[in-house]
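Student: In case you want the letters, here they are:
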Amino acid sequence: MKTKLLNTVSCIIFAAVFLITGIICMFKPDTEFSESERRMLEKQPQVTFESIVSGEYMNNFESYCADQFPKRDIFRSLKAFFTTKILNQKDYNGLFMSEGHISKLDSKINPEMINHAAGKFKYIYEKYLEDTQSKVYFTVIPDKNYTLTAEKDYPSLDYNVFIEKCIEKIPFMQYINICDLLSADDYYKTDSHWRQENIRDIAQRIANTMETDISADYTQKTLDIPFYGVYAGQYPMKVKPDTIKYLTNNTLKKCKVTYYDNMGYSYKGNIYDLKKANENDPYELFLSGSQALIEIENMTAKTNKELVLFRDSYGSSLAPLLVSGYKKITLVDIRYIKSFALESYVNFDNCDVLFMYSTSLLNNSKSLN
Amino acid sequence: MLFSSLSFLYYYFPCVVILYTLTPKAFKNAVLLLSSLAFYAWGEPQYVLIMLVSILFGYIFGILIQHFNEKKRLSKLFLCLSAITSLSALVYFKYADFFIENFSRATGISLNALNLVLPIGISFYTFQILSYTVDIYRGRCEAQKNPINLAVYITFFPQLIAGPIVRYSDIESQLTQRTHSIEKSNTGIKRFIAGLSKKVIFANTFGELCNLFNLSDDKSILFYWLFAFSYMLQIYFDFSGYSDMAIGLGNIFGFKLPENFHYPFCAKSITDFWRRWHISLGTWFRDYVYIPMGGSRCKSSKMFINIFTVWILTGLWHGAEWNFIVWGIYFAVLLCLEKFLFKKYIEKLKVLRHIYVIFFVTLSFVIFSAPSIREIFYHIKTMFGITELPFISPGFIYYLKSFGITLLLGGICSTPLLKIIKRKITSDSKEKIYVTVLENIIILMLLFICTAYLVDGSFNPFLYFRF
Numbered sequence: 029m030k031t032k033l034l035n036t037v038s039c040i041i042f043a044a045v046f047l048i049t050g051i052i053c054m055f056k057p058d059t060e061f062s063e064s065e066r067r068m069l070e071k072q073p074q075v076t077f078e079s080i081v082s083g084e085y086m087n088n089f090e091s092y093c094a095d096q097f098p099k100r101d102i103f104r105s106l107k108a109f110f111t112t113k114i115l116n117q118k119d120y121n122g123l124f125m126s127e128g129h130i131s132k133l134d135s136k137i138n139p140e141m142i143n144h145a146a147g148k149f150k151y152i153y154e155k156y157l158e159d160t161q162s163k164v165y166f167t168v169i170p171d172k173n174y175t176l177t178a179e180k181d182y183p184s185l186d187y188n189v190f191i192e193k194c195i196e197k198i199p200f201m202q203y204i205n206i207c208d209l210l211s212a213d214d215y216y217k218t219d220s221h222w223r224q225e226n227i228r229d230i231a232q233r234i235a236n237t238m239e240t241d242i243s244a245d246y247t248q249k250t251l252d253i254p255f256y257g258v259y260a261g262q263y264p265m266k267v268k269p270d271t272i273k274y275l276t277n278n279t280l281k282k283c284k285v286t287y288y289d290n291m292g293y294s295y296k297g298n299i300y301d302l303k304k305a306n307e308n309d310p311y312e313l314f315l316s317g318s319q320a321l322i323e324i325e326n327m328t329a330k331t332n333k334e335l336v337l338f339r340d341s342y343g344s345s346l347a348p349l350l351v352s353g354y355k356k357i358t359l360v361d362i363r364y365i366k367s368f369a370l371e372s373y374v375n376f377d378n379c380d381v382l383f384m385y386s387t388s389l390l391n392n393s394k395s396l397n
Numbered sequence: 004m005l006f007s008s009l010s011f012l013y014y015y016f017p018c019v020v021i022l023y024t025l026t027p028k029a030f031k032n033a034v035l036l037l038s039s040l041a042f043y044a045w046g047e048p049q050y051v052l053i054m055l056v057s058i059l060f061g062y063i064f065g066i067l068i069q070h071f072n073e074k075k076r077l078s079k080l081f082l083c084l085s086a087i088t089s090l091s092a093l094v095y096f097k098y099a100d101f102f103i104e105n106f107s108r109a110t111g112i113s114l115n116a117l118n119l120v121l122p123i124g125i126s127f128y129t130f131q132i133l134s135y136t137v138d139i140y141r142g143r144c145e146a147q148k149n150p151i152n153l154a155v156y157i158t159f160f161p162q163l164i165a166g167p168i169v170r171y172s173d174i175e176s177q178l179t180q181r182t183h184s185i186e187k188s189n190t191g192i193k194r195f196i197a198g199l200s201k202k203v204i205f206a207n208t209f210g211e212l213c214n215l216f217n218l219s220d221d222k223s224i225l226f227y228w229l230f231a232f233s234y235m236l237q238i239y240f241d242f243s244g245y246s247d248m249a250i251g252l253g254n255i256f257g258f259k260l261p262e263n264f265h266y267p268f269c270a271k272s273i274t275d276f277w278r279r280w281h282i283s284l285g286t287w288f289r290d291y292v293y294i295p296m297g298g299s300r301c302k303s304s305k306m307f308i309n310i311f312t313v314w315i316l317t318g319l320w321h322g323a324e325w326n327f328i329v330w331g332i333y334f335a336v337l338l339c340l341e342k343f344l345f346k347k348y349i350e351k352l353k354v355l356r357h358i359y360v361i362f363f364v365t366l367s368f369v370i371f372s373a374p375s376i377r378e379i380f381y382h383i384k385t386m387f388g389i390t391e392l393p394f395i396s397p398g399f400i401y402y403l404k405s406f407g408i409t410l411l412l413g414g415i416c417s418t419p420l421l422k423i424i425k426r427k428i429t430s431d432s433k434e435k436i437y438v439t440v441l442e443n444i445i446i447l448m449l450l451f452i453c454t455a456y457l458v459d460g461s462f463n464p465f466l467y468f469r470f
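If you read the protein sequences in the order shown, they are chains S and P. Residue numbers for the first sequence follow my numbering, so the first one is 29 and each next one is one higher. Residue numbers for the second sequence follow my numbering, so the first one is 4 and each next one is one higher.
By construction, these hints were calculated from the structure, which means they are not laboratory data. Keep in mind that this is a model prediction, so the values were computed, not measured. From the three backbone atoms N, C-alpha and C, an ideal C-beta is built for every residue, glycine too. Any given hint could turn out to be false.
List time: in silico EDC-like cross-link candidates among lysine to aspartate or glutamate, alpha-carbon distance up to 16 Å [to be verified]:
| id | chain 1 | residue 1 | chain 2 | residue 2 |
| --- | --- | --- | --- | --- |
| 1 | S | LYS118 | P | GLU211 |
| 2 | P | LYS222 | S | ASP159 |
| 3 | S | LYS273 | S | GLU312 |
Quick partial rundown of chain P residues pointing at chain S, CB under 7 Å, derived from the structure [said to hold, decoys possible]:
| id | residue |
| --- | --- |
| 4 | SER8 |
| 5 | TYR13 |
| 6 | PRO17 |
| 7 | PRO48 |
| 8 | VAL51 |
| 9 | ASP173 |
| 10 | GLU175 |
| 11 | GLN177 |
| 12 | LEU319 |
| 13 | TYR381 |
| 14 | HIS382 |
| 15 | THR385 |
| 16 | ILE408 |
| 17 | VAL458 |
Pulled out of the complex, with its shape left as it was, chain S reads as follows:
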């Protein structure tokens, strides 16, 4: 009798779970944006004859179900907890936690991608730089797993081999080594980027190599909002937020900053975009995040030197530290502007040129144009 009652109760509970969850799935209003994952969520696919016959509707519907599932973030956390704490898997979807840092596993050198990046750099060098007096340098920013995987079991890139390959493929530029200056604390714990307040020594070494004086004093300011970096959303476990600090002084405050988008339109702005600091990715505080082209004019410069900086997002926080050594810095992100179109926007004559890219971008350089 007891068993029969138990069966009935358990059957009702199971049925209720499927039914209630099903009803919530079907009638819950859709969410447009996931703040934790920093992405737009899938919308309900349009029903068309073609999409049904081709199966496209069904595929999109599966993504829609996963994206719009009620309490999605809680379920993602449950999976992360179960896989890392119960099954003791050492990473979660390729992310791992070590010394309080969330970092990404990346152990495979992709020679094709290094060649692709080197090919783009060579094109720029031969088209714009070869016949000029400009000095050309490049540096490679290691991912933070460079510091976290050493002497641990985590598979990681062989950074020596990686950099040797880069040097071999980019012989026309002078390489500046910065790897020995970096430790885990120089990166945000929840994000892939480095901390501006900790990379002054890196800026100094680059400036020294380029024979530029960047001695300047800075005031350190701290944003009063918690910073959950890009990895925090991808690794749905409880993590302490970072704080963003930035270095400023009168020189930086007086700079004229012009931003150009990939359509060629321009607008004026500041080195530190405090409005962006309050949006989805507070790291965009530094030079307003992803930008095709930025010109920084140092209005208090005592030199006429110019720098052209080819860079990814790491360059946004480092460039302000080089400002005091130059009259003008032009930041170019060839992910958002075609290399062949640079002639109209950038002066390459008699200046320093620095290519500064992270290993993760060089190892997956398809986006370089």
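Take the given structure of chain S and dock chain P to it, following the hints.
Tutor: The following block gives chain P in isolation, referenced to the frame of chain S:
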């Protein structure tokens, strides 16, 4: 549609159960048929028609075979026509490109591949239709007069795309007279969630490990062994999980589908392994190919031919690739060796016989997984240290540590250990209630964990439904 998808779990499944429950008994099969067609169409709408035509042929030939039962020649003719029509679709979609490719390679005449997409579940429903018409011819069952009932037997969504291969005679009476109860539904739903967990938590995780191995530049001998064990466990949990889900869903709708797996890694010999692995396929080949060819009651030389024929066909059934044929021959050789040489010796070895089974089954799945014959040799040579790869690598250490607990749990769950423990505890009726409550709580937690895996959109292929 996959069982392990959110659209199935929280959209399709609740809607079908409600609709089925509210429908009067006379129309329940019609509801099941429409639901099954919708289920199939969700995956591949363009192939519903092919399945319906196959069913129509099966229906007509079934009636004709029975009608001309007295005239054996005519009856046989219709059976042959039924076999030809059923198998022609399977051969065309599954093997045409294989034949074209090998013909081109052998003759040097370049022919363009048809690049056909294999209709999901065609190998399963073709075998069900074949068994139906053959059983009518043999007088083991009556032809089904009601086309809806026959279509339900073929298209019943729990077993449509990955089995078990159900014999018509096994569920003939259930098509019209089946009982529904809370107890059956409760057992069914729990079995379904257990199968879902096998698939989502184990098979997908082992699949992920196999993928990581394939992508790794840091391979070693031990990493190859780790891959081989993971792949074997992935296939087992993938397919046995699917069978559990099918059997559980069958229970909910009042059907009793046959068991398809019985702890195959606990087998005492390779012969025993095949009595425990994909049971419905093994018995199908036994009853419809091996025994009609003469089975074991013939000369040794004929028996060799019978065994090799059945196993080459079994290999080919899994896929139109040479590695599947090699895989079939591999088992034919092992089974012949056991049958004629050392079965009696193996039976005496208590522990070693299990090691022997695991060893040869692991190697068999290396053959099964290989993309080419050359890869089979390279893989096996590496496993035995005959290539230049090191014995151990950091990649192996990392992934062993990372997946070690899952592998251990997978190993335990592939044996009857938990079942034995449960039986021992529940032998005391006082404890039984607590164990049942605990079991229900665990099953409910597993459902939430599986949902979490699916919401996270992790690795989720189904291996067996393409066969």
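Student: Against chain S, run the beta carbon of P/PRO17 and see if the smallest gap drops under 7 Å.
Tutor: With Cβ-Cβ at 4 Å, under 7 Å, it holds.
Student: Within 16 Å, alpha carbon to alpha carbon, are P/LYS222 and S/ASP159?
Tutor: Cα-Cα ~47 Å, so violated.
Student: When the nearest CB of chain S is found for P/LEU319, is that gap smaller than 7 Å?
Tutor: violated, 27 Å
Student: Can the hint on P/TYR13 be confirmed by a CB-to-CB distance to chain S that is less than 7 Å?
Tutor: With a minimum Cβ separation of about 4 Å from chain S (threshold 7 Å), the hint on P/TYR13 holds.
Student: Does P/VAL458 meet its interface restraint, that is, does its C-beta lie within less than 7 Å of any C-beta in chain S?
Tutor: holds, 4 Å
Student: Is the straight-line distance between the alpha-carbon of S/LYS273 and that of S/GLU312 16 Å or less?
Tutor: holds, 12 Å
Student: Does the structure keep S/LYS118 and P/GLU211 at a Cα separation of 16 Å or less?
Tutor: The hint holds at about 14 Å.
Student: Is the shortest C-beta separation between P/GLU175 and chain S less than 7 Å?
Tutor: Violated, because the Cβ-Cβ distance from P/GLU175 to chain S comes to roughly 28 Å (cut-off 7 Å).
Student: Any CB of chain S closer than 7 Å to the CB of P/SER8?
Tutor: holds, 6 Å
Student: Could you check if P/ASP173 really has its C-beta closer than 7 Å to a C-beta on chain S?
Tutor: Violated: closest Cβ of chain S sits about 25 Å from P/ASP173, beyond 7 Å.
Student: Interface hint check: P/THR385, Cβ to nearest Cβ on chain S, cutoff 7 Å. Holds or violated?
Tutor: Since chain S brings no Cβ nearer than about 19 Å to P/THR385, farther than 7 Å, the hint is violated.
Student: With a cut-off of 7 Å, does the beta carbon of P/HIS382 approach a beta carbon of chain S closely enough for the hint to hold?
Tutor: Status violated, d = 20 Å.
Violated hints, listed in ascending order, are 2, 8, 9, 10, 11, 12, 13, 14, 15; each of the other numbered hints is respected by the structure.
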